[in-house]
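Peer 1: Sequence:
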Amino acid sequence: MTTRRSRLLTAATGALAAVLISGCSMPTAGGFVPTGTLAGPLEGTESLDGATVSVGSKNFSENVLLGKMAIILLQSAGASVTDLTNIPGSAAARQAMLDGQIQAMWEYTGTGWITYLSHEKPIPDEQEQYLAVRDEDLQKNSLVWTEPAPMNNTYGFAVTEAVADEYGISKLSELKKVPVQERTFCVESELINRPDGLKGMLARYDVPLGSGQGVPQGNLKTFQTGAIYEATAKGACNFGEVFTTDGRILALKLKVLEDDRNFFPKYNVSLVLTRDTDEQYPQIRELIAPVSEKLTNEVLLKLNAQIDVDGREPADVAYEWLKKEGFVADG
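Residues 1 to 331, numbered by the working numbering, are exactly what the sequence shown covers, in order.
These are calculated hints, taken from the structure and not from any lab test.
Where a beta carbon is used, it is the ideal one built from N, C-alpha and C, also for glycine.
Please note that the accuracy of each hint is not assured.
Stated by the list, open to error - Label-pair ranges, simulated between beta-carbon atoms:
#, residue 1, residue 2, range
1, 46, 170, 39 to 49 Å
2, 302, 78, 23 to 33 Å
3, 329, 31, 20 to 30 Å
4, 310, 135, 31 to 41 Å
5, 182, 78, 55 to 65 Å
6, 310, 161, 17 to 27 Å
7, 47, 176, 51 to 61 Å
8, 135, 227, 37 to 47 Å
9, 227, 296, 24 to 34 Å
To be verified - With a cut-off of at most 27 Å between alpha-carbon atoms, the simulated DSSO-like pairs for lysine-lysine come out as follows:
#, residue 1, residue 2
10, 199, 255
11, 294, 323
12, 253, 294
13, 253, 171
14, 253, 302
15, 199, 176
16, 221, 199
17, 255, 177
18, 176, 221
19, 324, 294
20, 302, 323
21, 294, 255
22, 177, 199
23, 234, 199
24, 253, 221
Kindly generate the complete structure, drawing on both the sequences and the hints.
Peer 2: As structure tokens, this is what we get:
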């Protein structure tokens with residue numbers, strides 16, 4: 001997750017080249033991805049026989065999982081698919097799309113708006129932000145954003161069930177109910193220093209950082225991103241920085257507090273296609289739409305947990321879920 005969440009376009013040209021070179025021959029570096037037959041609401045979709053599509057993803061579990069879903073659906077519809085999932089970093093993956101080396105990849109509206117299109121302030125309304133990203137990226141870069149999923153993988157703060165019960169807290173606006181000395185936070189260093197990070201969030205919720213009546217600086221503990229979940233679960237702090245669809249939330253029985261004043265940007269996921277691909281194969285939208293509608297935070301929490309906690313392969317998790325939901329059947 002750290003790679004995506006940096007929100008910074010870092011140089012990754014060498015890594016990208018290595019991935020793309022390995023992806024030019026089959027089997028690809030992406031590994032085996034199963035194929036089925038389209039079923040249920042997808043059964044009547046027009047065949048993609050003769051179509052060739054390269055599908056990419058970044059190198060964190062959720063994005064790889066979604067990439068594998070797209071590959072399974074396209075293959076099951078008859079397309080010849082090159083698997084270019086697991087590219088290190090947003091910069092490399094984005095450049096591959098702009099260069100036309102990748103024709104399809106799941107992207108996040110917040111990343112598109114803030115990182116790729118260089119807007120400093122997010123748009124609080126999910127649909128308005130999607131429409132703004134969709135229109136601007138099409139105009140500037142000939143990239144087509146399909147309808148987004150309801151999931152929102154953004155920053156959040158989580159607590160244990162014991163902390164939630166002790167202070168009667170379920171949303172960030174209730175931080176003021178917690179005694180000052182108990183407003184302890186486990187965070188990564190980047191979030192402390194960003195203007196749109198912890199400092200801004202605490203100010204929005206009337207418990208400013210560094211204030212005797214807010215959150216004293218000494219109440220902060222810094223960790224690497226992946227260590228925060230367990231540290232929070234074990235009581236190193238009462239409030240831990242999380243990403244809201246991370247499977248460890250479920251595994252460690254943490255509760256994400258509602259961002260009821262909409263401070264953090266929205267990161268709804270959407271399959272992005274090159275304009276040529278969208279125009280040539282409009283049936284891709286028909287394949288993706290009903291699947292995307294099912295991708296809620298609750299669904300992705302469970303699927304991500306199978307990968308990050310149970311150690312399962314993303315392609316297997318993706319195929320099993322698509323089959324369970326009736327989108328594909330064994331062929």
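Peer 1: State for each hint whether it applies.
Peer 2: Against the structure, the hints:
| no. | hint | result |
| --- | --- | --- |
| 1 | 46 with 170: 39 to 49 Å | 46 Å, holds |
| 2 | 302 with 78: 23 to 33 Å | 30 Å, holds |
| 3 | 329 with 31: 20 to 30 Å | 22 Å, holds |
| 4 | 310 with 135: 31 to 41 Å | 40 Å, holds |
| 5 | 182 with 78: 55 to 65 Å | 58 Å, holds |
| 6 | 310 with 161: 17 to 27 Å | 22 Å, holds |
| 7 | 47 with 176: 51 to 61 Å | 58 Å, holds |
| 8 | 135 with 227: 37 to 47 Å | 40 Å, holds |
| 9 | 227 with 296: 24 to 34 Å | 27 Å, holds |
| 10 | 199 with 255 | 21 Å, holds |
| 11 | 294 with 323 | 13 Å, holds |
| 12 | 253 with 294 | 23 Å, holds |
| 13 | 253 with 171 | 17 Å, holds |
| 14 | 253 with 302 | 12 Å, holds |
| 15 | 199 with 176 | 15 Å, holds |
| 16 | 221 with 199 | 14 Å, holds |
| 17 | 255 with 177 | 17 Å, holds |
| 18 | 176 with 221 | 20 Å, holds |
| 19 | 324 with 294 | 12 Å, holds |
| 20 | 302 with 323 | 16 Å, holds |
| 21 | 294 with 255 | 22 Å, holds |
| 22 | 177 with 199 | 19 Å, holds |
| 23 | 234 with 199 | 24 Å, holds |
| 24 | 253 with 221 | 21 Å, holds |
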